[in-house]
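Visitor: Taken in sequence, the protein lines are chains A and B. Residues in the first sequence are numbered from 1 upward in steps of one, following my numbering. Residues in the second sequence are numbered from 1 upward in steps of one, following my numbering.
In case anyone wonders, no lab produced these hints; they're calculated from the structure. In this text, a Cβ means the ideal position worked out from N, Cα and C, and glycines have one as well. Wrong hints could be hidden among the right ones.
Capping the alpha-carbon separation at 20 Å, the derived lysine to any residue pairs in SDA-like fashion look like this [as the list claims (entries may be wrong)]:
{"hint": "1", "chain 1": "A", "residue 1": "Lys393", "chain 2": "A", "residue 2": "Glu286"}
{"hint": "2", "chain 1": "A", "residue 1": "Lys57", "chain 2": "A", "residue 2": "Ala331"}
{"hint": "3", "chain 1": "A", "residue 1": "Lys62", "chain 2": "B", "residue 2": "Tyr31"}
{"hint": "4", "chain 1": "A", "residue 1": "Lys408", "chain 2": "A", "residue 2": "Ser394"}
{"hint": "5", "chain 1": "A", "residue 1": "Lys408", "chain 2": "B", "residue 2": "Ser23"}
{"hint": "6", "chain 1": "A", "residue 1": "Lys62", "chain 2": "B", "residue 2": "Ser23"}
{"hint": "7", "chain 1": "A", "residue 1": "Lys408", "chain 2": "B", "residue 2": "Leu67"}
{"hint": "8", "chain 1": "A", "residue 1": "Lys387", "chain 2": "A", "residue 2": "Val405"}
Simulated restraints, written as ranges between beta carbons of each label pair [stated by the list, open to error]:
{"hint": "9", "chain 1": "B", "residue 1": "Asp3", "chain 2": "A", "residue 2": "Ala202", "range": "43 to 49 Å"}
{"hint": "10", "chain 1": "B", "residue 1": "Arg105", "chain 2": "A", "residue 2": "Ser125", "range": "44 to 50 Å"}
{"hint": "11", "chain 1": "B", "residue 1": "Ala58", "chain 2": "A", "residue 2": "Arg90", "range": "51 to 57 Å"}
{"hint": "12", "chain 1": "A", "residue 1": "Leu209", "chain 2": "B", "residue 2": "Gly11", "range": "57 to 63 Å"}
{"hint": "13", "chain 1": "A", "residue 1": "Gly76", "chain 2": "B", "residue 2": "Thr12", "range": "19 to 25 Å"}
{"hint": "14", "chain 1": "B", "residue 1": "Asp54", "chain 2": "A", "residue 2": "Ser271", "range": "48 to 54 Å"}
{"hint": "15", "chain 1": "B", "residue 1": "Arg105", "chain 2": "A", "residue 2": "Lys348", "range": "34 to 40 Å"}
{"hint": "16", "chain 1": "B", "residue 1": "Asp54", "chain 2": "A", "residue 2": "Pro181", "range": "51 to 57 Å"}
{"hint": "17", "chain 1": "B", "residue 1": "Asp3", "chain 2": "A", "residue 2": "Ala148", "range": "42 to 48 Å"}
{"hint": "18", "chain 1": "A", "residue 1": "Arg315", "chain 2": "B", "residue 2": "Asp54", "range": "43 to 49 Å"}
{"hint": "19", "chain 1": "B", "residue 1": "Pro90", "chain 2": "A", "residue 2": "Ala170", "range": "21 to 27 Å"}
{"hint": "20", "chain 1": "B", "residue 1": "Asp3", "chain 2": "A", "residue 2": "Arg369", "range": "47 to 53 Å"}
{"hint": "21", "chain 1": "B", "residue 1": "Ala66", "chain 2": "A", "residue 2": "Gly204", "range": "21 to 27 Å"}
{"hint": "22", "chain 1": "B", "residue 1": "Ala66", "chain 2": "A", "residue 2": "Ala7", "range": "48 to 54 Å"}
A short list of chain A residues far from chain B (calculated; beta carbon distances all over 10 Å) [unchecked claim]:
{"hint": "23", "residue": "Ala42"}
{"hint": "24", "residue": "Pro65"}
{"hint": "25", "residue": "Asp70"}
{"hint": "26", "residue": "Lys101"}
{"hint": "27", "residue": "Phe216"}
{"hint": "28", "residue": "Asp221"}
{"hint": "29", "residue": "Ala245"}
{"hint": "30", "residue": "Pro257"}
{"hint": "31", "residue": "Glu296"}
{"hint": "32", "residue": "Asp343"}
{"hint": "33", "residue": "Tyr365"}
{"hint": "34", "residue": "Leu380"}
{"hint": "35", "residue": "Ala396"}
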Amino acid sequence: MNAETPAGPIVIIGGGHAGAALCGALAAAGLGAQVQLVCEEAVLPYHRPPLSKAFLKTPDEKLQPHRAEDWYAQQGIALQRGDPAVAIDRAQRHLRLRSGKTLAYGRLVLATGSRARNLPHLPASLSNVFTLRSAADAQRLRERLHGAQHLTVLGGGFIGLEIAATARAAGKAVTVLESAPRLLARSVSAELAEHVLQTHRASGIDLRLGVAVGEFEFDGDRLASLAVDGRREPVELLVMGIGAAPEHTLATEAGLPCENGIVVDALMRTSDPDILAIGDCVAFDESYSGRRLRLESVQNANDQARTAAATLQGREEPYRALPWFWSEQGAMRLQMAGLMPTDPAEGKPYRRDGANAGTFSLLHYVGERLVCVESVSAPLDHMAARKLLETGKSPAPEAACDPAVPLKNHA
Amino acid sequence: MPDITFIHFDGTAEGFEAPEGVSLMQAATGYGVDGIVAECGGSMMCATCHVIVDEAWAGRLAPPSALELDMLDSTAVPREATSRLSCQIPLTAELQGLVVRLPERQV
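Chain A extracted, bound-state conformation:
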């Protein structure tokens, strides 16, 4: 933003983690009165991670709002709930909402997140088929899961496995179908994927890798069965955890360059000087890996919101946050610091035992450089790993894996 930054509202499109975090940062800077938050969902912005865990498990568990309703009013932040933006007019600097209302903006921030992928050849609105993204999705799934015996999960990624573990812990029979030869293919090391596989199988989840799924059969508005490697299998409830696509329809239609996300620079600016974008919907040059990426994580949403808040105040604080991530699958707490190299052959893993039996971390080196640490129920090692990676420290593997020396001592 330059000295001629226009006055007028800062309009944030999207009430997910990034949008909520940006509200917090702008309010802390005393700019709340300039902020309007436009949300597709009618509920107050809430924490999304519990939707696949505590919220799904416990019938009367409530959503966890980021802020109380009063807080927005006290900060002067105007909330448009349940009335999503449908078009951006960059020339006029306003947006149109679904209700027909128009909002003028001085600066616009797109925090539109991502959408759960559906199978293209599956009819929409089947009564026993679910994706999990929104509170409404989670409520619907929770209600149906309560009385069900069996859950089929399509996809062995983070969301699918979290839901599978939650359902299994609630005593349901669970089948997970993954078309790739291993779980979590895009995100974790082969070694960790194997550990996760064994852990879930040990809990009684029927987990099948490398399967071809197709040929659905329907019974009214229900999916009755599907073919798994040619054999027909009945379905009671089906959850699709097959990834998420960035939500950038508004940006594309407004002529902003998008490629697996709205393209932004290190200050979260799109090609339009008055429009920023943050969070799941964004493609950016990640500084540790040197790759253009889209990251779907709470950390990325929060940290990009902070960068955007600085940009909106005329400060340049290029986004350099270390990516980190967690996934709770039943009792297993996975934590990742840094990113795995794209080519698995590039990296070499070393195992460090955690403080308790059965806990460990995998330290991944490219040459002598530590690039990523995956931890399984070893929180101290995860937190120490973040510090090491942030400060560019690469202790020699043998030393780093010596359990007698706390990992944080190598900082």
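Here the structure of chain A is known, so what remains is to put chain B in place on it, guided by the hints.
Guide: Relative to chain A, chain B alone:
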């Protein structure tokens, strides 16, 4: 609906009537107390909701789990004897008058 007080690092106090049935962290972030970050929203993955419980209250809370103790080892500023993660303190009517201090920083 217990009245709770946060004492900021600069000594100023901020108090309000908190809801029951949520954690101290949720009450703080819901209300907008500066100085609680709670990056992970209460999953015990980040140690950025660190508070130092007033001596008079520390013994009246349910003790921390092993996992909480581990995470308290990773706070941005070193933990004190009565440090807790505020996401692990459920608010009840019995905590009427609870006082906690905020550390210098959370990250």
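Visitor: None of the hints should be skipped; say for each whether it holds.
Guide: Consistency of the hints with the structure:
Restraint check: the Cα-Cα separation between lysine 393 of chain A and glutamate 286 of chain A comes to about 19 Å, which is no more than 20 Å; the hinted pair holds. For the given pair, lysine 57 of chain A sits about 13 Å from alanine 331 of chain A by alpha-carbon distance, which is consistent with the 20 Å threshold. Among the hinted pairs, lysine 62 of chain A with tyrosine 31 of chain B is consistent with the structure: their alpha-carbon atoms are about 17 Å apart, no more than 20 Å. With a C-alpha separation of about 12 Å, the suggested pair lysine 408 of chain A and serine 394 of chain A falls inside the 20 Å cut-off, and the hint holds.
Note on lysine 408 of chain A and serine 23 of chain B: the hinted pairing is violated, with a Cα-Cα distance of about 29 Å set against a maximum of 20 Å. Restraint check: the Cα-Cα separation between lysine 62 of chain A and serine 23 of chain B comes to about 13 Å, which is no more than 20 Å; the hinted pair holds. Our distance criterion of 20 Å between C-alpha atoms is met by lysine 408 of chain A and leucine 67 of chain B, whose separation comes to about 17 Å. For the hint pairing lysine 387 of chain A with valine 405 of chain A, the CA-to-CA distance comes to about 16 Å; that is within 20 Å, so the pair holds.
At about 47 Å, the CB distance of aspartate 3 of chain B to alanine 202 of chain A agrees with the hint of 43 to 49 Å. A beta carbon spacing of about 49 Å between arginine 105 of chain B and serine 125 of chain A agrees with the range 44 to 50 Å that was offered as a hint. Restraint check, alanine 58 of chain B to arginine 90 of chain A: a C-beta distance of roughly 56 Å satisfies the suggested window 51 to 57 Å. For the pair leucine 209 of chain A and glycine 11 of chain B, the beta carbons lie near 58 Å from each other, so the given range of 57 to 63 Å is met.
As the Cβ distance of glycine 76 of chain A to threonine 12 of chain B is approximately 22 Å, the hint placing it in 19 to 25 Å holds. A hinted range of 48 to 54 Å holds for the C-beta pair aspartate 54 of chain B and serine 271 of chain A, which are about 52 Å apart. In this structure the supplied range 34 to 40 Å holds for arginine 105 of chain B paired with lysine 348 of chain A, their Cβ-Cβ distance being about 36 Å. A C-beta distance of roughly 55 Å is found between aspartate 54 of chain B and proline 181 of chain A, which places it inside the suggested range of 51 to 57 Å.
Range check, aspartate 3 of chain B to alanine 148 of chain A: about 44 Å between beta-carbon atoms, so the 42 to 48 Å window is met. With their beta carbons about 37 Å apart, arginine 315 of chain A and aspartate 54 of chain B fall outside the hinted range of 43 to 49 Å. One distance hint, 21 to 27 Å for the beta-carbon pair proline 90 of chain B and alanine 170 of chain A, holds here, with the actual separation near 22 Å. The beta-carbon spacing between aspartate 3 of chain B and arginine 369 of chain A, approximately 52 Å, falls within the hinted interval of 47 to 53 Å.
Restraint check, alanine 66 of chain B to glycine 204 of chain A: a C-beta distance of roughly 26 Å satisfies the suggested window 21 to 27 Å. For alanine 66 of chain B paired with alanine 7 of chain A, a C-beta distance near 53 Å keeps the hint of 48 to 54 Å intact. The beta carbon of alanine 42 of chain A sits about 19 Å from the closest Cβ of chain B, which is more than 10 Å, so the claim that it is off the interface holds. For proline 65 of chain A, the requirement that its beta carbon stay farther than 10 Å from each beta carbon of chain B is not met, with the minimum near 7 Å.
Annotated as non-interface, aspartate 70 of chain A brings its C-beta within 10 Å of a C-beta of chain B; the closest such distance is 8 Å. Every C-beta of chain B lies more than 10 Å from that of lysine 101 of chain A, the closest at about 27 Å, which supports listing it as non-interface. No beta-carbon of chain B comes within 10 Å of the beta-carbon of phenylalanine 216 of chain A; the shortest separation is about 36 Å. Every beta carbon of chain B lies more than 10 Å from that of aspartate 221 of chain A, the smallest distance being close to 35 Å; the non-interface claim holds.
At the 10 Å boundary, the C-beta of alanine 245 of chain A stays outside the reach of chain B, the nearest C-beta of that chain being 24 Å off. Distance to chain B confirms proline 257 of chain A as a non-interface residue, since its nearest Cβ pair spans about 30 Å, more than 10 Å. Separation of glutamate 296 of chain A from chain B is adequate, the least Cβ-Cβ distance of about 15 Å exceeding the 10 Å criterion. Non-interface call for aspartate 343 of chain A relative to chain B: holds, since the shortest CB-CB distance, roughly 28 Å, exceeds 10 Å.
With a closest Cβ-Cβ approach of about 23 Å to chain B, tyrosine 365 of chain A is found to remain outside the 10 Å limit, as its non-interface label requires. Listed as a non-interface residue, leucine 380 of chain A fails to keep its Cβ farther than 10 Å from every Cβ of chain B; the least gap is roughly 5 Å. Remark: the non-interface label on alanine 396 of chain A is consistent with the geometry, its nearest Cβ contact in chain B lying 23 Å away (cut-off 10 Å).
This entry does not satisfy hints 5, 18, 24, 25 and 34, going by the numbered hints stated previously.
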